[in-house]
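**Q** With the sequences and hints as input, model every part of the structure.
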Amino acid sequence: MDNQPVAEGKKYTGWRLFWHSVVARSYPRVIGQQRDTSWMLFDVIMPLGSVIAYVMVYRALKAPDQYVGFVVMGGAMTAFWMNVLWSMSSQLYWEKEQGNLALYIMAPNSMMSILLGMALGGMVATLLRAVVITLLGSLLFGVQYVVASPFELFGVFAISMVALYGMGMMFASAFLLFGREAWAISDMVTEPVNLVSGLYFPIKSLPFWIAAAASIIPLTLGLDAMRQLAFASGFKIGFLTPRVEILILVALSVFFLVGAKLLLDYTEKLAIREGRLTEARR
Amino acid sequence: MDVSRSAVSRSEAIRSFKTAAWLGWQITSNWTDPFLFAIYSIIRPISRAAILVVMYGVITQGNFTNPLFPCIYLGNAFYTYVFTVMNGVSWAVIEDREHYQTLKYMYIAPIRIPFYLLGRGVAGFLTASLSVLITILAGVLFLQVSFDPLRANWLLFFVSLFIGVIMLSMMGLVLAAFSLLVVRHASFMAEGVSGVLFLFSGAIYPLEVLPIWLRPIGFAIPITYWLELMRRSLIGNVAQAFPTLARFSNMQLLGLLAGLSFLFGVIAVFVFRYCDRLARERGLIDRTTNY
Chain W
5 MDNQPVAEGK
15 KYTGWRLFWH
25 SVVARSYPRV
35 IGQQRDTSWM
45 LFDVIMPLGS
55 VIAYVMVYRA
65 LKAPDQYVGF
75 VVMGGAMTAF
85 WMNVLWSMSS
95 QLYWEKEQGN
105 LALYIMAPNS
115 MMSILLGMAL
125 GGMVATLLRA
135 VVITLLGSLL
145 FGVQYVVASP
155 FELFGVFAIS
165 MVALYGMGMM
175 FASAFLLFGR
185 EAWAISDMVT
195 EPVNLVSGLY
205 FPIKSLPFWI
215 AAAASIIPLT
225 LGLDAMRQLA
235 FASGFKIGFL
245 TPRVEILILV
255 ALSVFFLVGA
265 KLLLDYTEKL
275 AIREGRLTEA
285 RR
Chain A
1080 MDVSRSAVSR
1090 SEAIRSFKTA
1100 AWLGWQITSN
1110 WTDPFLFAIY
1120 SIIRPISRAA
1130 ILVVMYGVIT
1140 QGNFTNPLFP
1150 CIYLGNAFYT
1160 YVFTVMNGVS
1170 WAVIEDREHY
1180 QTLKYMYIAP
1190 IRIPFYLLGR
1200 GVAGFLTASL
1210 SVLITILAGV
1220 LFLQVSFDPL
1230 RANWLLFFVS
1240 LFIGVIMLSM
1250 MGLVLAAFSL
1260 LVVRHASFMA
1270 EGVSGVLFLF
1280 SGAIYPLEVL
1290 PIWLRPIGFA
1300 IPITYWLELM
1310 RRSLIGNVAQ
1320 AFPTLARFSN
1330 MQLLGLLAGL
1340 SFLFGVIAVF
1350 VFRYCDRLAR
1360 ERGLIDRTTN
1370 Y
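Just so you know, the sequences run in chain order W and A.
Take the first sequence: its letter number 181 is residue 185 in the working numbering, and every next letter is one higher.
Take the second sequence: its letter number 127 is residue 1206 in the working numbering, and every next letter is one higher.
A portion of the hints provided could be inaccurate.
Selected chain W positions facing chain A (in silico; Cβ < 8 Å) [what the hints assert, rightly or not]: (1) F46; (2) I49; (3) A57; (4) M60; (5) A64; (6) A67; (7) L131; (8) F158; (9) A188; (10) M192; (11) E195; (12) P196; (13) N198; (14) L199; (15) T245; (16) V248.
Taking lysine to any residue pairs in the SDA-like style, the calculated list, with each CA pair at most 25 Å apart, reads [as the list claims (entries may be wrong)]: (17) K100/W x F1298/A; (18) K66/W x P1146/A; (19) K66/W x F1279/A; (20) K273/W x A162/W; (21) K66/W x V1137/A; (22) K265/W x A178/W; (23) K66/W x L1363/A; (24) K66/W x K1183/A; (25) K208/W x T1139/A; (26) K240/W x V1133/A; (27) K66/W x T1139/A; (28) K66/W x E1287/A; (29) K66/W x L1289/A; (30) K208/W x A162/W; (31) K66/W x S1225/A; (32) K66/W x F1143/A; (33) K240/W x I220/W; (34) K100/W x N1109/A; (35) K1183/A x W98/W; (36) K208/W x V1133/A; (37) K66/W x L1147/A; (38) K240/W x N1142/A; (39) K100/W x T1181/A; (40) K208/W x V1137/A.
In short, the hints are calculated from the structure, not lab data.
What you are looking at is a predicted structure, and each value in this text was computed from that prediction instead of being measured.
By construction, the Cβ of each residue, glycine as well, lies at the ideal position given by its N, Cα and C atoms.
**A** This is how it looks when you write it as structure tokens:
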């Protein structure tokens, strides 16, 4: 029995291998969340805490009610940003620390499929948290949405996610090259991005050129367009029209996905040439 | 004999604290050059302050002379200490146990573990001090935060700061104690706890904004009184903007802060002893959980 050869499984190549790798890498992200639901406590409570704090500031300042809605929507989108930063950008670095990176590189699948799997799995898992934050925030503070075009709103959200996770895929390779500094860099950029992407206020409030520069972060334009499409007075606070913002987001998606591929190829070459990329340095 | 044992014990505690402070500083700062490290240390609190400044500016049309603004600004600036000091102490458990995998060696070395952990919080205190200083300077120079160094009550400031940092260190020790036992979520503990305390301590809004049934939580935590004292020591009377504690004099607030800090300190010692014993009994000191 012991000498019997292992039953030959299906051999996947090409796009089938690519797709199966994507599914395999996204699987632990989605299923892991179901198996350990205690993560939800931290993933929901912590962003919700910030949402409540900023809502209270607006209440103390006697701000119009629409700002409460802006904060709730920003808080929900924070979940995606945190996921991209800590579970996409820093992920290859964590994988290296845990010893999985070498296995990924040695396996016959494309590294792009691994990153894409991480992105899809992360997106699905985070979507649930974002929905919970939106529901709780809206119920707690009585936020009212006026959605004229649900299709357009969903389209903006979807393209924002593609661009945002594309950026995460590109950063994953970059952060791997930074080595030990990856953790510090993730930590360092969290709050500045919260600031310039207008998570808690309309991006139009910032000087034009700062808002324009911040538009390289997909969260900025995605959130701005979604606020315009989801609130009655949203169009008054828009930085650009939703149509223009959608076009820019499409361009950003292409840019980040191509950038991710190029940077990943470079990282793999470096791994083969120097043989040091997978060593964990403490 | 007892005197000699006590002297050895004291020297061990001091040595543990000093060495841990030096080690903590090296771990915190030596991953990059000093310039980048300085930017890293200040960019987070400055950005957080800037978020509040923009929010405030949008709603008030840029009226930064309102007394509410310096209260929000300073409360937010000083709150930097809360996360940084608590995290500095509690994160040492995760870092040593999981990342460097040296906690077991620390436990068999001739050091005092609680003093070692408290020492690891010193680096956090130093980086927080730098960022608080720069945040306040930016507020004074660019945002009309009404602070006059000649009129500030420096004695009250330093006494409050001293008590506050000890109080935060002891709260960090409680989190460190729980970190010894918790499997997966220890790394989020300081952030989660400081986030929750942020809501109830009146750091960036007066407690009156909270629903009435939530306000007692704010009155029960020493951070509320500490932040009030820090504000009062620098800008004087804040009652107009933050009326919550207006009926208390500075000395009463200081007494409340000292009393609650002492209480938290005693709780911290007992909680740490209990969790430490459990962690030893269950063999958790050298556990790794792929945090």
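**Q** Determine for every hint whether it applies to the structure shown.
**A** Here is what the structure says about each hint:
Taking 8 Å as the C-beta cut-off, the interface hint given for F46/W holds, the closest approach to chain A being about 5 Å. The beta carbon of I49/W is positioned within 8 Å of a beta carbon in chain A (closest approach about 7 Å), and the interface hint is therefore held. A cut of 8 Å between beta carbons decides the hint on A57/W: the least distance to chain A is about 6 Å, and the hint holds. For M60/W, the interface hint holds, since its Cβ comes within 8 Å of a Cβ in chain A; the closest pair sits about 5 Å apart.
Given the 8 Å rule on beta carbons, the hint for A64/W holds: about 4 Å separates it from the nearest Cβ of chain A. Hint on A67/W holds. Least Cβ distance to chain A is approximately 4 Å, under the 8 Å limit. For L131/W, the shortest C-beta to C-beta distance to chain A is roughly 20 Å, which exceeds 8 Å, and the interface hint is violated. A distance limit of 8 Å between C-beta atoms decides the matter here; for F158/W the minimum to chain A is near 28 Å, and the interface restraint is violated.
Because the closest C-beta pair between A188/W and chain A is about 6 Å apart, less than 8 Å, the hint holds. For M192/W, the interface hint holds, since its Cβ comes within 8 Å of a Cβ in chain A; the closest pair sits about 5 Å apart. At its closest, the beta carbon of E195/W sits 4 Å from a beta carbon of chain A; the interface hint therefore holds under the 8 Å criterion. Look at P196/W: its Cβ gets to within about 5 Å of chain A, closer than 8 Å, so that hint holds up.
A least Cβ separation of about 6 Å between N198/W and chain A falls short of the 8 Å threshold, and the interface hint therefore holds. Interface restraint check: L199/W against chain A, minimum CB-CB distance 5 Å, threshold 8 Å, status holds. With its C-beta approaching chain A no nearer than about 21 Å, T245/W sits outside the 8 Å limit, and its interface hint is violated. Because the beta carbon of V248/W sits about 23 Å from the nearest beta carbon in chain A, more than 8 Å, this interface hint is broken.
Simply put, K100/W and F1298/A have alpha-carbon atoms about 46 Å apart, too far for the 25 Å limit, and the pair is violated. Under the criterion of a C-alpha separation no larger than 25 Å, the hint pairing K66/W with P1146/A is consistent with the structure, at around 15 Å. Note on K66/W and F1279/A: the hinted pairing holds, with a Cα-Cα distance of about 19 Å set against a maximum of 25 Å. For a cut-off of 25 Å, the pair hint linking K273/W to A162/W is broken: about 32 Å separates their Cα positions.
A hinted pair counts as satisfied when its Cα atoms are at most 25 Å apart, and K66/W with V1137/A qualifies at roughly 12 Å. About 11 Å separates the Cα atoms of K265/W and A178/W, which keeps this hinted pair within 25 Å; it holds. Pair hint K66/W plus L1363/A does not hold up; C-alpha atoms about 50 Å apart against a cutoff of 25 Å. For a cut-off of 25 Å, the pair hint linking K66/W to K1183/A is broken: about 53 Å separates their Cα positions.
As the CA atoms of K208/W and T1139/A are separated by approximately 16 Å, the hinted pair is consistent with the 25 Å bound. Among the hinted pairs, K240/W with V1133/A is consistent with the structure: their alpha-carbon atoms are about 18 Å apart, no more than 25 Å. Note on K66/W and T1139/A: the hinted pairing holds, with a Cα-Cα distance of about 9 Å set against a maximum of 25 Å. A threshold of 25 Å between alpha carbons decides the hint, and for K66/W with E1287/A the separation of about 13 Å falls inside it, so the pair holds.
Annotation: proposed proximity of K66/W to L1289/A holds, straight-line Cα distance about 14 Å (limit 25 Å). Distance hint between K208/W and A162/W is fulfilled; the C-alpha atoms sit about 22 Å from each other, no more than 25 Å. Only pairs whose Cα atoms come within 25 Å are accepted, and K66/W paired with S1225/A is accepted, the gap being roughly 22 Å. Note on K66/W and F1143/A: the hinted pairing holds, with a Cα-Cα distance of about 15 Å set against a maximum of 25 Å.
Taken as a hint, the K240/W and I220/W pair is honoured in the structure, with Cα atoms around 22 Å apart against an allowance of 25 Å. Of the pairs offered as hints, the one joining K100/W and N1109/A holds, with about 21 Å between alpha carbons and a cut-off of 25 Å not exceeded. About 23 Å separates the Cα atoms of K1183/A and W98/W, which keeps this hinted pair within 25 Å; it holds. For the hint linking K208/W to V1133/A, the alpha-carbon distance of about 11 Å falls within 25 Å, and the restraint holds.
For the proposed pair K66/W and L1147/A, the alpha carbon gap of about 12 Å is at most 25 Å, so the pair holds. Taking the CA atoms of K240/W and N1142/A, the gap is about 22 Å. The hint holds against a cut of 25 Å. Our distance criterion of 25 Å between C-alpha atoms is met by K100/W and T1181/A, whose separation comes to about 20 Å. Note on K208/W and V1137/A: the hinted pairing holds, with a Cα-Cα distance of about 10 Å set against a maximum of 25 Å.
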